[in-house]
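**Student:** If you're matching them up, the sequences are chains A and B in order.
All residue numbers in the first sequence are consecutive under the numbering used here, ending with 171.
All residue numbers in the second sequence are consecutive under the numbering used here, ending with 1244.
There may be inaccurate statements among the hints.
Now the in silico label distances, taken between C-beta atoms and shown as ranges [to be verified]:
| id | chain 1 | residue 1 | chain 2 | residue 2 | range |
| --- | --- | --- | --- | --- | --- |
| 1 | A | 152 | B | 1129 | 39 to 49 Å |
| 2 | A | 152 | B | 1184 | 48 to 58 Å |
| 3 | A | 54 | B | 1229 | 26 to 36 Å |
Only pairs whose alpha carbons sit at most 25 Å apart, straight line, appear in this in silico SDA-like list of lysine to any residue [stated by the list, open to error]:
| id | chain 1 | residue 1 | chain 2 | residue 2 |
| --- | --- | --- | --- | --- |
| 4 | A | 117 | B | 1008 |
| 5 | B | 1195 | B | 1022 |
| 6 | A | 166 | B | 1023 |
| 7 | A | 166 | B | 1005 |
| 8 | A | 155 | B | 1023 |
Reference listing, derived: stretches of chain A covered by chain B, where coverage requires no fewer than 3 residues with Cβ under 8 Å from a Cβ of chain B [as the list claims (entries may be wrong)]:
| id | region |
| --- | --- |
| 9 | 56-66 |
| 10 | 122-134 |
Hint data in this document are derived by calculation from the structure and do not stem from the laboratory.
Each residue gets a CB set at the ideal place from its N, CA and C atoms; glycine is no exception.
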Amino acid sequence: MSRVAGGDRSALRQLYDSTSAKLFGVCLRILSDREESEDVLQEVYVTIWRRADRFDAARASVMTWASTIARNRSIDRLRSRGMMAYAEPIENHELPDGGVSAEALLVAAGEEGRLHKCLSELDDRTESVIRTAFFGGVTYETLAQRMDTPLGTVKSWIRRGLAKLKGCLEQ
Amino acid sequence: MSEGPELSEAEAFAAEHALGVLSPRESAEAELRMATDPAFAADVDAWRARLAPLTQAIAAVPAPAGVWPRIERALPANDNADSGSGRGLRFWRGATVGSLGLLAASLVAVVMLANQPPRFVQTPAPEAGPLLNASLTTQDGAPVPLFVAAYDPTRKALIITSLVKAGADPGKVHELWVIPSDGKPRALGFVEPGKSKSIPMSRELAENMAEGSAIAVSVEPPGGSPNPNAPSGPITAVGKLAKI
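Construct the complete structure from the given sequences, taking the supplied hints into account.
**Tutor:** Right, here's the structure in full:
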C-alpha cells in the first residue's frame, strides 16, 4: 500500500490482481448490473489510488478497507438511481441468494464466520433489517416506509441488534 | 427479553454511520464529527471493520479484462503529491455514503433562492453570465455534500447552504474561501451550520467566481482564520464552480 501511496502504478496493478475479483463480486452483489459494476469498480481503484496515503494498517486490513470503499461506492451508485430503486418492497429486497449462504455457514472460523454466527443469533427480523441496510444502502427513513413501521421502532431494532452483535463478537 | 449491553449514544451513532442507515444530513454530521473527534472516528472504523466480513461472504467474480485499462487511463498523474499546488490543504478522510437525491434537492433549493428576483427591481437585470454552482464534499469523492454553493453573476452574490447539522462544531466557525486558478485562497465570510445565506461579492471577489474556481470551507476559531490569506484550520469540504 505504501508503494501505491507513493504513486507506483505497478503496485496498484498488483493490488488489482489480488483484489479485483472480490471487489467486483461486492459491486455486482449490491448493484446486480454488470455494466454499472464495472464503472463502480473503476471508481473504486481510482479512489484507492488517491487515498492510499490515508490507509492505516493498524486500523484495518487492506481487504477490509478496499471492500468498504467498494460497498460504499456501490451504494452511492444505487442511491443515485433514485426513487425507482427504493420502490421495491423490503420482502423482495432481501438477499436474493437466500440469506446466509451455505458457503458462509461452512466457514468454521475466522472473523467472517463469527460475524455470520452472531448475526444468525439475532431474531430474524433484526438480522434481515441489518443485512438489508448493509447491502441495500437503505436509510432508517426508507426502511421505516418500506416496513410501514415507525422510524423510532426500526431505529431501536437496529441499535439493539448492533449492541447484541458487538457483545457476541467480543465473546 | 434480554436487552444486552447498550451502546453509548456516540457509539450507536458511529455504528449507524458505518452501517449506512443515517440520512444524508446525519451522515454529513457524522463525517464532520469524525474529522474533529478521534475517538468517534475510531468507533466508526471499528464498526466498519466489524461489518466488513459481510462483504467477504460474497463470491468473487473475475472482473472483465477491459476494466484495468480504463482504470489506468483514469489515474491522475502525481495525484498523491500533496495536490500539486502545495497549499497543504488537509482534507477529511472517511468513506461517506451519500445520496444524490439530497444533492439534487439542495441544488434545486439553491437555484430557487438564486432565481428569486431582487426585491426592489421589477424586471431582473439581463444575465451577466451563467449561474455557477458547486457541491462541496469531503475529498474522497463521495457525492454527499456538506455545503452547496451557487454564484449568481447578475446580482454578484454567492448563495451558500450548509447541510451540516445546526450546532455542530461549537466554539468554531465555518469559514468560506474561494481558490481561483492562481491558487491563492480569498476569504468570503462565514456560514453557520444548517443555515443558508447570500454573500454579496465585491467587484474584485466577483472576478474570482469563475468556472473551475474552488469553493472551500475550513473550520476556524471564532473570528476566522488569523491569516487572512489562508485557512488555518482543516479544510472540511471543497468543490469546484461549474455551470448548472
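**Student:** Confirm or reject each hint.
**Tutor:** Hint check results:
no.: 1; hint: A:152 x B:1129: 39 to 49 Å; result: holds, 48 Å
no.: 2; hint: A:152 x B:1184: 48 to 58 Å; result: holds, 49 Å
no.: 3; hint: A:54 x B:1229: 26 to 36 Å; result: holds, 27 Å
no.: 4; hint: A:117 x B:1008; result: holds, 24 Å
no.: 5; hint: B:1195 x B:1022; result: holds, 20 Å
no.: 6; hint: A:166 x B:1023; result: holds, 23 Å
no.: 7; hint: A:166 x B:1005; result: holds, 9 Å
no.: 8; hint: A:155 x B:1023; result: holds, 12 Å
no.: 9; hint: 56-66; result: holds (count 4)
no.: 10; hint: 122-134; result: holds (count 4)
Violated hints are absent here; each numbered hint is respected by the structure.
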